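What follows is the residue order along each chain.
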Amino acid sequence: MTAKKIVASTFVYLIAFIALACFIFPFILLMINSFKSNGEIITNPFSLPSHWDFAHFSDVIAKMNFLVTFKNSVLITLISTLLIVFFSAMAAYHMVRKPTKYNKIFFTILVASMVIPFQSLMIPLIYIYGAKLQLIDLIPIPLLICFYIGFGSALSIFMFHGFMKSIPLEVEEAARIDGCNTLQTFFLIVFPMLKPITVTIAILNVLWIWNDYLLPSLVLNNETVYTMPVQMKVFNGTYMNNWELLIPAILLTVLPILIMYMIGQKSIINGVMQGSIK
Amino acid sequence: MLAKKIDEVRYHTEISQKVIRRKRNLTSLGNSMLFLGPSTIFFAITVVIPFIYGIYLTLNKMDSPTDAMVFSGLLNYVNAVKDAEFWSSLWLTIKFVVATVFFVNLVGFGLAYLVTSGMKIQNSLRTAYFTPNLIGGLVLGYIWQFVFVQSLPALGDKLGISWLKLGWLGDPHMAFWALVIVTIWQTSGYMMIIFIAGLISIPKDLIEAAKIDGAGAFRRLINITLPLMVPSFVVTIFLSLKNAFMVYDLNFSLTKGGPFNSTLMVSMHVVNKAFVEANYGTGQAEAIILFLIVAIVTGIQVYSSKKMEVEA
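In order, the protein sequences belong to chains U and Y.
Residue numbering for the first sequence follows my numbering, beginning at 1 and increasing consecutively.
Residue numbering for the second sequence follows my numbering, beginning at 1001 and increasing consecutively.
Read the hints as simulated data drawn from the structure, not as lab findings.
Note that the structure is predicted; figures quoted are calculated from it, not measured.
Hints may contain errors.
The calculated label-pair distances, taken between Cβ atoms and stated as ranges, are [unchecked claim]:
id	chain 1	residue 1	chain 2	residue 2	range
1	Y	Ser-1304	U	Ser-37	54 to 62 Å
2	U	Ile-42	Y	Phe-1071	54 to 62 Å
3	U	Thr-10	Y	Val-1276	28 to 36 Å
4	Y	Asp-1171	U	Asn-241	15 to 23 Å
5	U	Phe-17	Y	Phe-1218	44 to 52 Å
6	U	Lys-195	Y	Asp-1171	12 to 20 Å
7	Y	Trp-1163	U	Ser-37	55 to 63 Å
8	Y	Asp-1171	U	Ser-166	51 to 59 Å
9	U	Lys-195	Y	Ser-1304	46 to 54 Å
Beta carbons are placed, not taken as given, at the ideal position from N, Cα and C, and that holds for glycine.
Generate the whole structure from the sequences, applying the supplied hints.
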């Protein structure tokens, strides 16, 4: 290696590590400060804690109603994602295999709807289901799940639609001859072949629904049905600037998704890559 | 006798064929309902009906959301046009859009270029740079509040750097840039992934040929890589445009629009108009104006940048 090349590659590594430091220092700050008391946090946020104190975590778990909130978030995210994946795959299958005029029009409407931002739909949504039908107070969680299916289906159907075209028709015909009806052909033959795109769609939907704030903040008005982001907002309002409680709360809110990322980082990155190319 | 028999057989086959055809039509209708039904229903109740109803909402006036509607023509749109805070928040949002679209794409492309240059640890770096995308804007705002309110001033005190000592979020100008910095930090990793997909699909022989012709690294970047990356830029600019126009969570949690409404973006203004002031009609009229602006801007962007695409 020539001297010039060594200098160049050192420079590249230097930039890479500076960028790395910029991207992860907020997380490191959170971690070291989550064990400290208010006095220590304010006088020196950069030092390691003088003693590792887990008391704030147990305090926050109780104050945040963590177990209930976590359960709500998991429930809403999983059920919505599962139903989005199934319903969208079925719809896309039907549209690809039966390209009638109506199906083409429906598909065009779906694609066009993707440019409508949530902010242009939220007011009538809350007016219809809140002020008029009173469903928001009656069944907040099922209603929220219905909304997620509705908002999530356009992109998911679009992505399934693109992938479905690459699935050979011959396999389905063979299944048909062996006596499968349409439903069996779909669930036993076609759906398993969609696995790569299904993983991508599921990941994108989980990330979106888990982190979503504006929609649940409008629909969930009662502490027993809060999701993690909504609870975090309420908690921040109650313990403004009380960092010894806020920092463990933030950490507990982001930890589930960070653990998921550590386990499935490869499929998450691939999923995002696939999702963006389509 | 025989002719009669033949007629009879023909009659029966015709009937049974008709029955089969009707049955087949019925099952195909049943299948359509089964496969398309669920998505159609959920899509209709969350997108189609609210969208149409939203337009109807803007043509009516009511004193509170529970009161009866009274037809008011275009009054809500007139109110929206007269609403000074709406326009100032929209103007601020446009500045925010320009700043973030530029920097997010610049940083995202830089990172992608860095982690495709053949370093041994490039996969770990990709994973690390992407991490902020896993966390929602609301929680990120709280994380950075700690950085801006507690950590940077403490660091400034220690090192004697005066511009770090000031609370960033207390100053209107600095608070705006705080929002821009956090947005770059949050979304450039996502754009990086899209750029990586584009960069690895550029044919190697093209780069090699340019090298042989004596083009330096900078020349290759400007004349070969960037023109071939236009399709990736179409996607990343579209996404960053839409995200920036619609920013709410981060705005809400990091600055709450403050100090003195100086960082109040248009989404937050619409939310406040509808759900704090309880003025659904005018709020929705402003939301529709916003939708039209975003649709026109992104439409022009996609159309004009598609024209710049080149074949490898």
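Against the structure, the hints:
| no. | hint | verdict |
| --- | --- | --- |
| 1 | Y:Ser-1304 <-> U:Ser-37: 54 to 62 Å | 56 Å, holds |
| 2 | U:Ile-42 <-> Y:Phe-1071: 54 to 62 Å | 57 Å, holds |
| 3 | U:Thr-10 <-> Y:Val-1276: 28 to 36 Å | 54 Å, violated |
| 4 | Y:Asp-1171 <-> U:Asn-241: 15 to 23 Å | 18 Å, holds |
| 5 | U:Phe-17 <-> Y:Phe-1218: 44 to 52 Å | 23 Å, violated |
| 6 | U:Lys-195 <-> Y:Asp-1171: 12 to 20 Å | 52 Å, violated |
| 7 | Y:Trp-1163 <-> U:Ser-37: 55 to 63 Å | 29 Å, violated |
| 8 | Y:Asp-1171 <-> U:Ser-166: 51 to 59 Å | 54 Å, holds |
| 9 | U:Lys-195 <-> Y:Ser-1304: 46 to 54 Å | 38 Å, violated |
Going down the numbered hints, you'll see the structure goes against 3, 5, 6, 7 and 9, while the others check out.
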